[in-house]
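**Q** Read off the chains here:
Protein chains: 2
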Amino acid sequence: MEIKLNDPILTENNTEAQKVREKLKKLNLFAINMMASPGAGKTSLIIALLKSLPKELKAGVIEGDVASSVDTDKIISLGWPAFQINTSGGCHLTASMINKAIDQLGISGPGILFIENIGNLICPTEFDLGENIRIVLSSVPEGDDKPVKYPGIYQKAHAIVLNKIDYMIHSDFDLASFIKGTKLTNETAPLFKVSSKTGEGIKELSNWIVSNML
Amino acid sequence: MEIKLNDPILTENNTEAQKVREKLKKLNLFAINMMASPGAGKTSLIIALLKSLPKELKAGVIEGDVASSVDTDKIISLGWPAFQINTSGGCHLTASMINKAIDQLGISGPGILFIENIGNLICPTEFDLGENIRIVLSSVPEGDDKPVKYPGIYQKAHAIVLNKIDYMIHSDFDLASFIKGTKLTNETAPLFKVSSKTGEGIKELSNWIVSNML
Chain A
551 MEIKLNDPIL TENNTEAQKV REKLKKLNLF AINMMASPGA GKTSLIIALL
601 KSLPKELKAG VIEGDVASSV DTDKIISLGW PAFQINTSGG CHLTASMINK
651 AIDQLGISGP GILFIENIGN LICPTEFDLG ENIRIVLSSV PEGDDKPVKY
701 PGIYQKAHAI VLNKIDYMIH SDFDLASFIK GTKLTNETAP LFKVSSKTGE
751 GIKELSNWIV SNML
Chain B
551 MEIKLNDPIL TENNTEAQKV REKLKKLNLF AINMMASPGA GKTSLIIALL
601 KSLPKELKAG VIEGDVASSV DTDKIISLGW PAFQINTSGG CHLTASMINK
651 AIDQLGISGP GILFIENIGN LICPTEFDLG ENIRIVLSSV PEGDDKPVKY
701 PGIYQKAHAI VLNKIDYMIH SDFDLASFIK GTKLTNETAP LFKVSSKTGE
751 GIKELSNWIV SNML
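In order, the protein sequences belong to chains A and B.
Be aware that the first sequence starts at 551, since it is given in this note's numbering, and climbs by one per residue.
Be aware that the second sequence starts at 551, since it is given in this note's numbering, and climbs by one per residue.
These aren't lab readings, by the way, just hints derived from the structure by calculation.
Be aware that one or more of the hints could be misleading.
Identical copies look the same in the list; a pair holds intra-copy or inter-copy alike.
Stated by the list, open to error - As a list, the in silico DSSO-like pairs of lysine-lysine whose alpha-carbon atoms are at most 30 Å apart: (1) LYS730 x LYS624; (2) LYS733 x LYS624; (3) LYS753 x LYS608; (4) LYS605 x LYS576; (5) LYS650 x LYS608; (6) LYS624 x LYS743; (7) LYS573 x LYS650.
Whole structure, please, built from the sequences with the hints as guidance.
**A** Dropping the structure here:
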């Protein structure tokens, strides 16, 4: 199934995304749409960032999953507000889902709203959620060819994060080839190399996010 | 975007899948629909299986990707016939694509046709490609919660493969939890633990595939 530009579904979503943007502005929340493959480490990265943010900022998470509330339960157990969206087969979040979820989450800023999109490198690409920035996350064990294989989502990124760099020594991941692929698809997005497990690179990413809020 | 059962798109696909099934039977080819996340190691597993199959069997590969011909080039360079499908944004293969690709590939059996679906744990679920069996592949670095988070695709599997088990010692992957998740979604599919890198478990999976051809 392929979504074409100018599809009525996209037009409707864009209208709803504008409503989300206005709501976020009123609430003084800066929203990040986090997109990646299943298992790239989106939730672990969000948790690492929550711990790393300046204490004066509020933060909350909207979790998108086809099924289960595993990730939301984990974030709430750590003391942050989180709301779970289950799409029951839907392969991406929509602005309409986010609009309702923000009301359910009930937080206000100044602060950051993390939106963890469905684990998928294709469907979320064209769906504006009203976010301020989009981060595309890849992980070392997935291999270095993801930007070349899934160019659409990389083109849309404001930042590219390479996660699980602690696996680098156990892997034949070619960093130069990965960087070449990201530059081919997106010349401007900065690349952050991080490990949510060891904490490497998290502070740099957190600082970059905060600098984008100004 | 969600596909509902009885959707006209699915009905049309099912009709086309029946044509694929008849074509495969005439060609004496046993087709395997290989489904997984991006970077779970579908191509590496297919290559490991190609090397492990009995020499009297013919084999070929249809590669599905959003973009690029990286995987097809790799397989052809190793001496096996392969044909690339690029979906340009489409998030799963369809029976119609496979029907045309079989003609392009131009192989006949007795043998095996590997179909590498688009890297995606959602969209390929409801699309019958006319295959004989469906294998769902997960990899250790993705984490142990994939069956619980993407139950639909696991329910459809004839076999579940856990790949990259050589990463197990570097990871907090909980094998018991993964097995529990697979059993919750699919009681009957056998589980094969493999490493395409070290070769562990490949022969057992290869033998199981061949036993299913009879």
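**Q** Run every hint past the structure and note whether it holds.
**A** Cross-check of the supplied hints:
1. LYS730 x LYS624: between (35 Å within a copy, 19 Å between copies)
2. LYS733 x LYS624: between (35 Å within a copy, 23 Å between copies)
3. LYS753 x LYS608: For LYS753 and LYS608, the Cα distance is within 30 Å only inside one copy (17 Å; across copies 53 Å).
4. LYS605 x LYS576: So LYS605 and LYS576 pass the 30 Å test inside one copy only (21 Å; across, 67 Å).
5. LYS650 x LYS608: within (19 Å within a copy, 54 Å between copies)
6. LYS624 x LYS743: both (24 Å within a copy, 27 Å between copies)
7. LYS573 x LYS650: within (11 Å within a copy, 48 Å between copies)
Violated hints are absent here; each numbered hint is respected by the structure.
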